[in-house]
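Engineer: Listed below are the residues making up each chain.
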Amino acid sequence: MSDAHSHADIAKHVRVYITVFLALLAGTIATVGMYYVHLESVPLTILIAVFIATVKASLVAGFFMHLVSEKKAIYAILVFTAFFFAGLMALTIWSMHDFPVLAGSTTQHPPAAAAVTTHVP
Amino acid sequence: MDIPYTTQLREDTNLFNAKVGIWLFLASEVMLFGALFSSYILLRVGATPGTWPHGLLNIPIGTFNTTVLITSSITVVMAWASLKMGNFGKFKLYQAITLLCALGFLTITTFEYRDKFTHYEVWKKDGTRMTGHIDGTPWFWKTETLKEKKIDSITLHPDAHHYTEPRHRGAAAESEHTGHAEPVRIASADIQRLSAFVPGHSTYFAIYFTLTALHALHVLGGAIVIGYLWGPGSKMWRTDPERFTNRIEVSGLFWHFVDLVWIFLFPVLYLL
Numbered sequence: 001m002s003d004a005h006s007h008a009d010i011a012k013h014v015r016v017y018i019t020v021f022l023a024l025l026a027g028t029i030a031t032v033g034m035y036y037v038h039l040e041s042v043p044l045t046i047l048i049a050v051f052i053a054t055v056k057a058s059l060v061a062g063f064f065m066h067l068v069s070e071k072k073a074i075y076a077i078l079v080f081t082a083f084f085f086a087g088l089m090a091l092t093i094w095s096m097h098d099f100p101v102l103a104g105s106t107t108q109h110p111p112a113a114a115a116v117t118t119h120v121p
Numbered sequence: 122m123d124i125p126y127t128t129q130l131r132e133d134t135n136l137f138n139a140k141v142g143i144w145l146f147l148a149s150e151v152m153l154f155g156a157l158f159s160s161y162i163l164l165r166v167g168a169t170p171g172t173w174p175h176g177l178l179n180i181p182i183g184t185f186n187t188t189v190l191i192t193s194s195i196t197v198v199m200a201w202a203s204l205k206m207g208n209f210g211k212f213k214l215y216q217a218i219t220l221l222c223a224l225g226f227l228t229i230t231t232f233e234y235r236d237k238f239t240h241y242e243v244w245k246k247d248g249t250r251m252t253g254h255i256d257g258t259p260w261f262w263k264t265e266t267l268k269e270k271k272i273d274s275i276t277l278h279p280d281a282h283h284y285t286e287p288r289h290r291g292a293a294a295e296s297e298h299t300g301h302a303e304p305v306r307i308a309s310a311d312i313q314r315l316s317a318f319v320p321g322h323s324t325y326f327a328i329y330f331t332l333t334a335l336h337a338l339h340v341l342g343g344a345i346v347i348g349y350l351w352g353p354g355s356k357m358w359r360t361d362p363e364r365f366t367n368r369i370e371v372s373g374l375f376w377h378f379v380d381l382v383w384i385f386l387f388p389v390l391y392l393l
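Those protein sequence lines, which keep their order, are chains D and Y.
Sequence positions in the first sequence follow our numbering and run 1 to 121.
Sequence positions in the second sequence follow our numbering and run 122 to 393.
Bound conformation, chain D alone (with noise of 0.2 Å):
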């Protein structure tokens, strides 16, 4: 956000907040209420339920943090942060698809799955 305001730009900030903070509640009362309607698909719960958190996260990002409006410098750092959450995903499914099989082993769950089995009798 520009650091030279005059009053005026900031009463109509302050307006944007309110819609903006009205527009979290929603988003809030939305994924709560996609809980209880309990769709059958998982996936598409996931899905939807990562599609609002996402977006309710932008409208913070975007407005509060004020980055709709921000200097390069804010964005060339958040440029570096996406790429390497990005590659830390990635690699997250990626791992999830690439474990060990071994010799002997009838089942091909991740080592995650054995260790569960293991601890919880």
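The hints are simulated quantities; they were obtained by calculation from the structure and are not laboratory data.
Just so you know, these numbers come straight off a predicted model, no measurement behind them.
Treat each hint with caution, since some may be false.
Said to hold, decoys possible - In silico BS3-like links for lysine-lysine, alpha-carbon gap of 25 Å or less:
#: 1; chain 1: Y; residue 1: 356; chain 2: Y; residue 2: 213
#: 2; chain 1: Y; residue 1: 263; chain 2: Y; residue 2: 237
#: 3; chain 1: Y; residue 1: 270; chain 2: Y; residue 2: 245
#: 4; chain 1: Y; residue 1: 271; chain 2: Y; residue 2: 246
#: 5; chain 1: Y; residue 1: 211; chain 2: D; residue 2: 12
#: 6; chain 1: D; residue 1: 12; chain 2: Y; residue 2: 213
Since the structure of chain D is provided, determine the placement of chain Y on it from the hints.
Structural biologist: Leaving out everything else, chain Y in the frame of chain D:
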């Protein structure tokens, strides 16, 4: 000596230094929580199908806590806007509401934790498992506690459903607050394992406590900074209002990030 670029913008970044600093810090925080989220994904995907608990957290309380944090986010930004408009009185009011929200959030989290520390799962030697509350609501009991305290049997007020049973979503959490089935007496000799809902109970609670406790620590840290700037630190408004406003903006950015993390934590832990 004056600290440079507290209010004056640097020529290269076109920003005051603290703002660059907080965004670099938030970038590292994204990676911290990102790593924990990826751990959550791996633990959940790797769990044996049907064993990942559902419905153990109280949805209405989680929803209320979400609303509290969202409310605190707007009061923080309104406090900053008030300073930009030169209204110190409104700033004090908005930040007081923020602090109350932070206190409310932490208090509710504490009660949620207390509920977990007094809620138990019993694995019996015959293979059956049940969850519920033990008479006297003891804290942190485990299998060894029965031997150490020479307890022959426990009286368990079982939940209506076990978290691994197919049921209406949220039933376990609802039953936790709406009463239990008939109490059952279980001999210690029949118990293979006893555990409260603590991090050692399962990978689910390990990641639940790691994520929520780290987040709660961030709320606490943010509240301490906001509290300082609301109280003794607010004297700077009289001597250097622009620098004080920048401090509020920087602390606000951290607070919004904490809210942003919760926006993802809530559906991931409570609803999915």
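Engineer: The structure should be examined with respect to each hint, and the outcome stated for every one.
Structural biologist: Verification of the hints:
no.	hint	verdict
1	Y:356 <-> Y:213	holds (12 Å)
2	Y:263 <-> Y:237	holds (13 Å)
3	Y:270 <-> Y:245	holds (19 Å)
4	Y:271 <-> Y:246	holds (19 Å)
5	Y:211 <-> D:12	holds (17 Å)
6	D:12 <-> Y:213	holds (21 Å)
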